[in-house]
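Please build the complex by placing chains B and C on the supplied structure of chain A, with the hints as guidance.
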Amino acid sequence: MKLSQIALKINCRFVSSRDVEITGIAGIENAGPGDLTFVANRKYIPYIKKTRASAIILGEDIPEVDSPSLRTEDPYLAFARALELFYVPLIPEKGIHPTAAVSDEAEIGPDPSIGAYAVIGKGCKIGAHVCLHPHVVLYPDVSIGADCILHSFVVVRERCRIGNSVILQNGAVIGADGFGFAPTKDGAFYKISQTGRVVIEDDVEIGANTTIDRAAVGETVIRRGTKLDNLVQIGHGSQVGENSVVAAQAGLAGSTQLGRGVWVGGQVGFAGHLKVGDRAVITAQSGTSHDIAPGTIVSGSPAFENASWLRSSAAFAKLPDLVRKVRRLESEVEKLKNSLKNPK
Amino acid sequence: MKLSQIALKINCRFVSSRDVEITGIAGIENAGPGDLTFVANRKYIPYIKKTRASAIILGEDIPEVDSPSLRTEDPYLAFARALELFYVPLIPEKGIHPTAAVSDEAEIGPDPSIGAYAVIGKGCKIGAHVCLHPHVVLYPDVSIGADCILHSFVVVRERCRIGNSVILQNGAVIGADGFGFAPTKDGAFYKISQTGRVVIEDDVEIGANTTIDRAAVGETVIRRGTKLDNLVQIGHGSQVGENSVVAAQAGLAGSTQLGRGVWVGGQVGFAGHLKVGDRAVITAQSGTSHDIAPGTIVSGSPAFENASWLRSSAAFAKLPDLVRKVRRLESEVEKLKNSLKNPK
Amino acid sequence: MKLSQIALKINCRFVSSRDVEITGIAGIENAGPGDLTFVANRKYIPYIKKTRASAIILGEDIPEVDSPSLRTEDPYLAFARALELFYVPLIPEKGIHPTAAVSDEAEIGPDPSIGAYAVIGKGCKIGAHVCLHPHVVLYPDVSIGADCILHSFVVVRERCRIGNSVILQNGAVIGADGFGFAPTKDGAFYKISQTGRVVIEDDVEIGANTTIDRAAVGETVIRRGTKLDNLVQIGHGSQVGENSVVAAQAGLAGSTQLGRGVWVGGQVGFAGHLKVGDRAVITAQSGTSHDIAPGTIVSGSPAFENASWLRSSAAFAKLPDLVRKVRRLESEVEKLKNSLKNPK
Numbered sequence: 001m002k003l004s005q006i007a008l009k010i011n012c013r014f015v016s017s018r019d020v021e022i023t024g025i026a027g028i029e030n031a032g033p034g035d036l037t038f039v040a041n042r043k044y045i046p047y048i049k050k051t052r053a054s055a056i057i058l059g060e061d062i063p064e065v066d067s068p069s070l071r072t073e074d075p076y077l078a079f080a081r082a083l084e085l086f087y088v089p090l091i092p093e094k095g096i097h098p099t100a101a102v103s104d105e106a107e108i109g110p111d112p113s114i115g116a117y118a119v120i121g122k123g124c125k126i127g128a129h130v131c132l133h134p135h136v137v138l139y140p141d142v143s144i145g146a147d148c149i150l151h152s153f154v155v156v157r158e159r160c161r162i163g164n165s166v167i168l169q170n171g172a173v174i175g176a177d178g179f180g181f182a183p184t185k186d187g188a189f190y191k192i193s194q195t196g197r198v199v200i201e202d203d204v205e206i207g208a209n210t211t212i213d214r215a216a217v218g219e220t221v222i223r224r225g226t227k228l229d230n231l232v233q234i235g236h237g238s239q240v241g242e243n244s245v246v247a248a249q250a251g252l253a254g255s256t257q258l259g260r261g262v263w264v265g266g267q268v269g270f271a272g273h274l275k276v277g278d279r280a281v282i283t284a285q286s287g288t289s290h291d292i293a294p295g296t297i298v299s300g301s302p303a304f305e306n307a308s309w310l311r312s313s314a315a316f317a318k319l320p321d322l323v324r325k326v327r328r329l330e331s332e333v334e335k336l337k338n339s340l341k342n343p344k
Numbered sequence: 001m002k003l004s005q006i007a008l009k010i011n012c013r014f015v016s017s018r019d020v021e022i023t024g025i026a027g028i029e030n031a032g033p034g035d036l037t038f039v040a041n042r043k044y045i046p047y048i049k050k051t052r053a054s055a056i057i058l059g060e061d062i063p064e065v066d067s068p069s070l071r072t073e074d075p076y077l078a079f080a081r082a083l084e085l086f087y088v089p090l091i092p093e094k095g096i097h098p099t100a101a102v103s104d105e106a107e108i109g110p111d112p113s114i115g116a117y118a119v120i121g122k123g124c125k126i127g128a129h130v131c132l133h134p135h136v137v138l139y140p141d142v143s144i145g146a147d148c149i150l151h152s153f154v155v156v157r158e159r160c161r162i163g164n165s166v167i168l169q170n171g172a173v174i175g176a177d178g179f180g181f182a183p184t185k186d187g188a189f190y191k192i193s194q195t196g197r198v199v200i201e202d203d204v205e206i207g208a209n210t211t212i213d214r215a216a217v218g219e220t221v222i223r224r225g226t227k228l229d230n231l232v233q234i235g236h237g238s239q240v241g242e243n244s245v246v247a248a249q250a251g252l253a254g255s256t257q258l259g260r261g262v263w264v265g266g267q268v269g270f271a272g273h274l275k276v277g278d279r280a281v282i283t284a285q286s287g288t289s290h291d292i293a294p295g296t297i298v299s300g301s302p303a304f305e306n307a308s309w310l311r312s313s314a315a316f317a318k319l320p321d322l323v324r325k326v327r328r329l330e331s332e333v334e335k336l337k338n339s340l341k342n343p344k
Numbered sequence: 001m002k003l004s005q006i007a008l009k010i011n012c013r014f015v016s017s018r019d020v021e022i023t024g025i026a027g028i029e030n031a032g033p034g035d036l037t038f039v040a041n042r043k044y045i046p047y048i049k050k051t052r053a054s055a056i057i058l059g060e061d062i063p064e065v066d067s068p069s070l071r072t073e074d075p076y077l078a079f080a081r082a083l084e085l086f087y088v089p090l091i092p093e094k095g096i097h098p099t100a101a102v103s104d105e106a107e108i109g110p111d112p113s114i115g116a117y118a119v120i121g122k123g124c125k126i127g128a129h130v131c132l133h134p135h136v137v138l139y140p141d142v143s144i145g146a147d148c149i150l151h152s153f154v155v156v157r158e159r160c161r162i163g164n165s166v167i168l169q170n171g172a173v174i175g176a177d178g179f180g181f182a183p184t185k186d187g188a189f190y191k192i193s194q195t196g197r198v199v200i201e202d203d204v205e206i207g208a209n210t211t212i213d214r215a216a217v218g219e220t221v222i223r224r225g226t227k228l229d230n231l232v233q234i235g236h237g238s239q240v241g242e243n244s245v246v247a248a249q250a251g252l253a254g255s256t257q258l259g260r261g262v263w264v265g266g267q268v269g270f271a272g273h274l275k276v277g278d279r280a281v282i283t284a285q286s287g288t289s290h291d292i293a294p295g296t297i298v299s300g301s302p303a304f305e306n307a308s309w310l311r312s313s314a315a316f317a318k319l320p321d322l323v324r325k326v327r328r329l330e331s332e333v334e335k336l337k338n339s340l341k342n343p344k
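Going down the list, the sequences are from chains A, B and C. Note that our numbering numbers the first sequence so that position 84 is 84, with each residue one more than the last. Note that our numbering numbers the second sequence so that position 323 is 323, with each residue one more than the last. Note that our numbering numbers the third sequence so that position 199 is 199, with each residue one more than the last.
For reference, chain A alone in the conformation it holds in the complex (with noise of 0.2 Å):
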């Protein structure tokens, strides 16, 4: 495809004194001849001079290059498209394959691809277009809306309910017993029914081995359009609220409340019954047991304001040197304590 063709489609600024001819996309180090790029990291800048692609799309921001190149104000999103142009995805085989295991009382929606082994409670309803690859379980009286596609090995639990174009990539678990015991004066543990569900909104996607737990009570929520990486937890009672991203291996304790926007790097924890306000990002491996405000960025653990944990950070890797300095000042007044005492 020639790339004035691809600007075209993709809503790019097509800059180049000769067109070329696109074969594929690449990313920026290891892109060929006949292979687009892009550079949507500011990181990735002085690898434009050394990449063999052809073409590189490029944010408006960024300085005049000798490659063609495409011009626009969001590269990423650009790259998105551009991606689909050559891309050919796995289409799964229509029908209902003869070894799932389909209730019948379930009820399953127009144009469904549901694979070998899948097996579908009583009660479950399955909107159209649905895809189940093989070895998806659906507890009793589960829904799924329309447009969803479940990979092999999710499980949805009893009662949960998906939304529309819902994504669960391989191994989510949804609705599990969240984890609740009451401790008994004998030192063991009195398990507390689990007795609620998980809700999952529209457009969410959730990453592979990743689990949500059903609440106790009432419903652990992830809004419309958020996005959780693989083997994160959500405790029961937790939500997430819209257009929020949790990165791997984050973790919600219990009744854990995300406002919308919220950004959660990897590996973070917060440790139940607290709220986190609309659009805070909380930095990779932070920890809170606090509620978090709106707006803001925290870090560390226990997590405070980001830019007052780089400096404390960076006094950290000079701890050693405070200590021997503060050791010095020590005898340096001692020594003028006795000076003045003892005037020569």
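Heads up, some of the hints might be wrong.
You can't tell identical chains apart in this list, so a pair holds if it fits in one copy or across any two.
[As the list claims (entries may be wrong)] Result set (BS3-like, lysine-lysine): computed pairs, CA atoms no more than 30 Å apart in a straight line: (1) Lys-191 to Lys-50; (2) Lys-2 to Lys-191; (3) Lys-43 to Lys-275; (4) Lys-43 to Lys-2; (5) Lys-49 to Lys-191; (6) Lys-43 to Lys-9; (7) Lys-318 to Lys-335; (8) Lys-43 to Lys-185; (9) Lys-337 to Lys-318; (10) Lys-9 to Lys-49; (11) Lys-9 to Lys-191; (12) Lys-335 to Lys-325.
Since the hints were derived computationally from the structure, they do not count as laboratory data. All of these numbers come straight from a predicted model, not from anything done at the bench.
Just chains B and C now, with coordinates in the frame of chain A:
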């Protein structure tokens, strides 16, 4: 059900001038008319006035309230029992599903409930009233006690032993190979056969997608009454003592020994080959490569005594201040020294 | 088996005035009469006197002992080989189980062992002597080399490539979609097609429930001989060099490049778009958003040189002391200033 009746059934003191009809149980923030709610965490006391619940379960220590209430020394346990009065649990179908692949050389106890596509290897022994949900896999020579519940996508590897009344949530992996490799001279690794097994005692619950590795030799053991949350990692040869709790995403490297009644917070890490004493508490995101004394509360990475860690953490947040103070002191001491050398 | 025979088989020096009959292998704390044990970690030297084992494998550097012993430069490797003399490994049934759903358009090499309910998509190519345990799913166009073992609930997604002699533990997810979303102006996210794949080279082992994401473009690569523990997250487009080890619950964000022979501790986090040099060591729970130089040992979050971090950590534990010292210095300097202003 009348509130007075519930009081009798869950063994609480009925405190109200009027009886009320209860139709459900709910969390204090979401409860509406007809609901019974509870306060077990003091953080929720302010909600008592605001809740729309018809009645509240309260600890004996909480001040008098206007709403109809049930009093008890253990409101969380009472809540757990109240839940059971209104909750219809999932009842799996009895019998062995025709698609289950059960070895002729396996022994299945009375009254089983074995779901679609379950696999039971040869030499397995399954106790009475066991429920294997669809897609549970037991490798050969596994033994499962009575009254266990294994959820979909649980796997128990060869020769592992599960006690009575054990619950394994979805995706838990019991007995995968431990991470044991001997480095060789050429920089590669020689796999150490993981010849041992995992033993899980009675009344244990294991969370979703948690992994418990088999021992290289001997046993990895989870003792009676212990509860592990989701995505926990238990390394080969480790032991977790009776009635301990391990929160989500915590990890024990190999040969870690936790005592009885130990509480491990979320995302905690143990470096392996160490001992944690009975009733020790390790707060969330802490990490240790040293033994922890019985009954102590530790925090931080590396972890030390919690009260002390709280003070250090508070000081950390003000570290840039401290650096400035020391710099100012240095300049003042310098001035003092000069003044003494050159008195006016 | 006689100890002297074992010495020959595992290539150790036999040091004993009498030969003994060995019936099993055990850890030093649990060993009993008839057992051969070993000491590879110096932490266990004190147990040599206490063990009830009949014989011990010891490094050449360890002082003389009373018990019959086998001496070698590499006691851990010798232990690994001794284990194999007494261990009967799991031998899966040969052939293709009648319930396996194997596409007519898949190629299966000689001598397969394919378990119940395995699913092999069209276009897959499977090498010789491969074992797929029950409930393994291969999406279309996957290639698997010779002598691989894939445990139950492993999934390999479309077009991914697995080399020879690879072991995938239960629940490992190879090739799920990477976490790639372009933010849009209305605050939502546009999914970036993850058009690449995962390549796993020869002799790699991947732990239980570990997730390795497919690249947006190009490949996520795990190079020859590398071992990943359980619950590890490898982001899209990352590379792990040859003969590296990554301990449990560590995470690499996208486009992280680890060199050869890198050792990553448990729960470590890499922020992505960074390089870690050959033979670097990143200790448990550390985190970095910067490159790590070859051969360095780093610790902490943010991580820096280990020896320095150890000093900073020691100082951190005494930080409240330091604050008090500075406060006292301030007051003493104030007094000194006053004394100088108002000399007696």
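Handout entry: List of violated hint numbers, smallest to largest
Key = none
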